[in-house]
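**Q** With chain A's structure known, arrange chain B on it following the hints.
Residue numbers (the numbering used here), protein chains in the order written: chain A, 1 to 356; chain B, 357 to 493.
Do not rely on the hints blindly, as some may be mistaken.
Reference excerpt, derived from the structure (chain A facing chain B, CB under 7 Å, subset only) [as the list claims (entries may be wrong)]:
| no. | residue |
| --- | --- |
| 1 | 110 |
| 2 | 113 |
| 3 | 114 |
| 4 | 117 |
| 5 | 146 |
Among chain A residues calculated to face chain B with C-beta under 10 Å, some are [to be verified]:
| no. | residue |
| --- | --- |
| 6 | 35 |
| 7 | 37 |
| 8 | 172 |
| 9 | 180 |
| 10 | 202 |
| 11 | 237 |
| 12 | 249 |
| 13 | 302 |
| 14 | 347 |
| 15 | 349 |
| 16 | 352 |
Some chain A residues flagged as far from chain B (calculated, every beta-carbon gap over 12 Å) [unchecked claim]:
| no. | residue |
| --- | --- |
| 17 | 7 |
| 18 | 11 |
| 19 | 12 |
| 20 | 19 |
| 21 | 66 |
| 22 | 131 |
| 23 | 155 |
| 24 | 168 |
| 25 | 170 |
| 26 | 185 |
| 27 | 259 |
| 28 | 344 |
Keep in mind that the hints were calculated from the coordinates and are not lab data. Even for Gly, the Cβ is constructed at its ideal location relative to N, Cα and C.
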Amino acid sequence: MAYVAVKGGERAIDNAHAWLAATRRGDPAVTDLGIDQIREQLGRAVDRVMAEGSLYDPELAALAIKQAQGDLIEAAFLLRAYRTTLPRFAHSEPVDTAAMAIHRRISAVFKDLPGGQVLGPTYDYTHRLLDFGLESGDVPPPPAEAPVDGGPMQRVNDFLKHEGLIEADGPAHETPGDLTREPLSFPASRDVRLQALARGDEGFLLAMGYSTQRGYGGSHPFAGEIRMGTVKIEIEPAELGFAIDIGDVVLTECQMVNQFKGSRTTPPQFTRGYGLTFGHGERKAMAMALVDRAMRAEELGEDVTAPAQNVEFVVYHSDNIEGTGFVEHLQLPHYVDFQSELETIRRMRAEAGVSQ
Amino acid sequence: MAVLARASSNDIAACLETVSPLVEPVVLRGPEQGLVMVRGRIGGGGGAFNLGEMSVTRCTVRAGAQVGHATVIGRDAALALLAARVDAALQDPGQHEALQTAVIAPLAAHQAAAKAAEAAHAAATRVEFFTLQTMRT
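Next up, chain B with everything else stripped away, as it sits in the complex:
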């Protein structure tokens, strides 16, 4: 789910072209747009507080015997629907392995590479400050 939520619907659809088509779903709910209240912690590790809300879209489908859920950040209904369909299919033991290999693994690798590139940019801005002798006597 974490991988699907971070992908684009186009990228998921492209990966799906290499596996047998997903079962036509029965949409049980959504895709519908709503909010999640994001919480932080006082001081970073203390009691919770409400930081502010964010847009999310959620969708629930039934495909065969499986029910799939998705909640994604933003307002992309196509992504929520597709993620819910893949979530349902992933619960089918007959499809799980193929989807894991054809969809989840390549998307996860792509996301990991993007994250690694950002970390490398951050690492390039790491500094060593030298403390100068104080001017006060």
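Chain A extracted, bound-state conformation:
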């Protein structure tokens, strides 16, 4: 039974929204929260909203977080709605993450990799004790500096590929599918799956990735490399006919390396799962890489037995905007639907001879 629209109730709705605005503002004696404060001081929330809203714009993400009272899914929803109002001018050249200006780069498989292990601004190795200094607004000391030895940071998988121990990236040239323009169809190709994962809910991907580690489609992963930093964005405007550099974005990339015992066509080698996300989002990038690898089960000749390996299940349920729309619509009036269900149940009970 479909949802049947209702009308009326405008005054109550207006009043509810006015109360919402007052609730959002909170105690007027407390200083109003600035968009710049959210952008600068709640950066991880901004990054997550940009990733799941699928729109890189820290200012707008900060505004959305304020408007949604910190409800990050609602904030991502606001960004998704906003992007539909804008024309798309161009697509970028594929970003070159090998040329990333590194803020963080670690490998859990090679200790002495060229370029070194760079921790960056990490929560790793903190004690997860509440820092009461933040309550009193302590000013942190300036970050330390050290000489830079320069040189590009080679990707970890490039070390192994010369021996054929790890699978290659595959062919480079193609026009990717776009799930914002074409309806999803299955089997979805890996480019479309990665687009879905990149805008997918971090919590959902975390749970799916975790499930593969616990044995539901086990793929024995190692964090081959995680890197976070800025990459330049290049576009080729039609009026110019050559690529121009329009600025930098912060991205996080994860190369997950997985055991693979080989198949009839492929010798034993390490396979890979890939994660890439807007902003500083290691948990998201790692989970994405685990799920990307899990969804390659069929391609690699593995049995598809676990939820994370089921492409249709993952891709259809990873989007929290669609999920929230369908779950939360249940709270809208369904009076007519329910009346008809009630009639049906009464009739069935009468037919079954159930007494009152």
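**A** Frame of chain A; chain B shown alone:
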């Protein structure tokens, strides 16, 4: 263009105060806001995929005989307009040298310094892990 796109309109305007004023432009398009679909590569080096969109603002102006274009990340219309005007002026051989010296060079130096500072912060967090002898026998 890469330098202008990364600058703020205030910084560009401040640099422009030291050179003769730019010709009043005829705005041909914009500044208008839109999106660029950012692409990545599967595995970092394989086939392209669509990562997500980003806000951009673009502007095209004519100043004298030159047409200047700018596309900048974000929604700063003033920056897109000013960058397009400077782009037009840079194509004028009579102004190119002066603008390169007064505007592009100092902004580029400022951006390079900021990037070097970030790289230095990253370098300070570089670690050498020691592998401990395995507990398994």
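**Q** Is the hint on residue 249/A kept, meaning its closest Cβ partner in chain B is under 10 Å away?
**A** holds (7 Å)
**Q** Is the nearest Cβ of chain B still more than 12 Å from the Cβ of residue 344/A?
**A** The claim holds: residue 344/A sits with its nearest Cβ about 45 Å from chain B, beyond 12 Å.
**Q** Can you verify the interface hint for residue 113/A: is its Cβ closer than 7 Å to any Cβ in chain B?
**A** Not OK, violated: residue 113/A not within 7 Å of chain B, min 11 Å.
**Q** Does residue 347/A meet its interface restraint, that is, does its C-beta lie within less than 10 Å of any C-beta in chain B?
**A** violated (50 Å)
**Q** Check the non-interface label on residue 168/A: least C-beta distance to chain B beyond 12 Å or not.
**A** Its Cβ does come within 12 Å of chain B, the nearest being 8 Å, so this is violated.
**Q** Identify whether the interface hint at residue 202/A stands, where standing means a beta carbon of chain B within less than 10 Å of its own.
**A** violated (14 Å)
**Q** Quick one, is the residue 302/A hint okay against chain B at 10 Å, beta carbons?
**A** Hint violated; residue 302/A Cβ to chain B Cβ min 18 Å, cut 10 Å.
**Q** Given residue 110/A as an interface hint, is the shortest Cβ-Cβ distance to chain B below 7 Å?
**A** Where the cut-off is 7 Å and the nearest Cβ of chain B is about 10 Å from residue 110/A, the hint is violated.
**Q** Does the claim that residue 12/A lies off the interface hold, with its Cβ farther than 12 Å from every Cβ of chain B?
**A** holds (35 Å)
**Q** Residue 352/A was flagged as interface toward chain B. Is the shortest Cβ-Cβ separation under 10 Å?
**A** violated (54 Å)
**Q** Going by Cβ atoms only, is residue 114/A closer than 7 Å to chain B?
**A** Since the shortest Cβ distance to chain B is 12 Å, the answer is violated.
**Q** Have a go at the residue 117/A hint: is there a Cβ in chain B nearer than 7 Å to its own Cβ?
**A** Hint holds; residue 117/A Cβ to chain B Cβ min 5 Å, cut 7 Å.
Taken one by one, the earlier hints fail for this structure at numbers 1, 2, 3, 6, 7, 10, 13, 14, 15, 16, 23, 24, 25, listed in ascending order.
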